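*Asks:* Sequence:
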Amino acid sequence: MNFKNLFVAVMDKRINNIIESNIRAKAPISQRNKDKNPIIIKPEFPPNIKPKDLVITPDDSNSKPPRSPNAFIIYRKNFVEAAKTGGYHLPMTT
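Residue 66 in the UniProt record's numbering sits at position 66 of the sequence shown; the count goes up by one each step and never skips.
The hints are simulated quantities; they were obtained by calculation from the structure and are not laboratory data. Incorrect hints may have been included.
[Stated by the list, open to error] Label pairs and their in silico Cβ distance ranges:
#, residue 1, residue 2, range
1, T85, A9, 47 to 53 Å
2, G87, R14, 34 to 40 Å
3, A9, F45, 32 to 38 Å
4, G86, L54, 22 to 28 Å
5, K52, K13, 57 to 63 Å
6, R14, K77, 19 to 25 Å
7, K84, D59, 23 to 29 Å
[As the list claims (entries may be wrong)] Within a straight-line C-alpha distance of at most 25 Å, the following computed DSS-like cross-link-like pairs (lysine-lysine) qualify:
#, residue 1, residue 2
8, K52, K77
9, K84, K42
10, K50, K64
11, K52, K64
12, K52, K13
13, K64, K77
14, K77, K42
15, K84, K50
Since the model is a prediction, treat every value here as computed from it, not as a measurement. No residue lacks a Cβ here, since even glycine has one placed at the ideal position from N, Cα and C.
Based on the provided sequences and hints, a complete structural model is requested.
*Replies:* Here it is as structure tokens:
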């Protein structure tokens, strides 16, 4: 193997390592921790929902009442609560 081929092979390996580390850094937490301790959050299913949790009171008495949350929002709220009881803090935005 001549110097040029050796140089290209070494640089290829370095670039691949950089790309892999960037991919791992941008991967969700659950994928980054696959070989470590995985985060396991198991919310109740079906979620135990009280009707008063679904009612949203309007801020202003003159405005029309807000809509009730859909199934995804209800499940997401339940999931975040299960994570908090498990000791995890999950931000609601990315």
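*Asks:* Each hint needs a verdict: does it hold in this structure or not?
*Replies:* Results of checking the hints against the structure:
At roughly 51 Å, the beta-carbon separation of T85 and A9 lies within the given 47 to 53 Å, and the hint holds. The given range of 34 to 40 Å is respected by G87 and R14, whose C-beta atoms sit roughly 38 Å from each other. Checking the proposed 32 to 38 Å range against A9 and F45 shows it is violated: the Cβ atoms sit about 51 Å from each other. At roughly 24 Å, the beta-carbon separation of G86 and L54 lies within the given 22 to 28 Å, and the hint holds.
Range check, K52 to K13: about 60 Å between beta-carbon atoms, so the 57 to 63 Å window is met. Distance hint check: the CB atoms of R14 and K77 are about 45 Å apart, inconsistent with the given range 19 to 25 Å. At roughly 25 Å, the beta-carbon separation of K84 and D59 lies within the given 23 to 29 Å, and the hint holds. Straight-line distance between C-alpha atoms of K52 and K77 comes to about 14 Å, which keeps the hinted pair within the 25 Å bound.
For the proposed pair K84 and K42, the alpha carbon gap of about 11 Å is at most 25 Å, so the pair holds. Restraint check: the Cα-Cα separation between K50 and K64 comes to about 23 Å, which is no more than 25 Å; the hinted pair holds. The straight-line distance between the Cα atoms of K52 and K64 is roughly 18 Å, inside the 25 Å bound, and the hint therefore holds. This hinted pair does not check out: K52 and K13 have alpha carbons roughly 58 Å apart, beyond 25 Å.
Pair hint K64 plus K77 holds up; C-alpha atoms about 24 Å apart against a cutoff of 25 Å. A threshold of 25 Å between alpha carbons decides the hint, and for K77 with K42 the separation of about 13 Å falls inside it, so the pair holds. Restraint check for K84 and K50: the C-alpha separation of about 19 Å stays at or below 25 Å, so the hint holds.
In the structure shown, a violation is registered for the earlier hints numbered 3, 6, 12, in ascending order.
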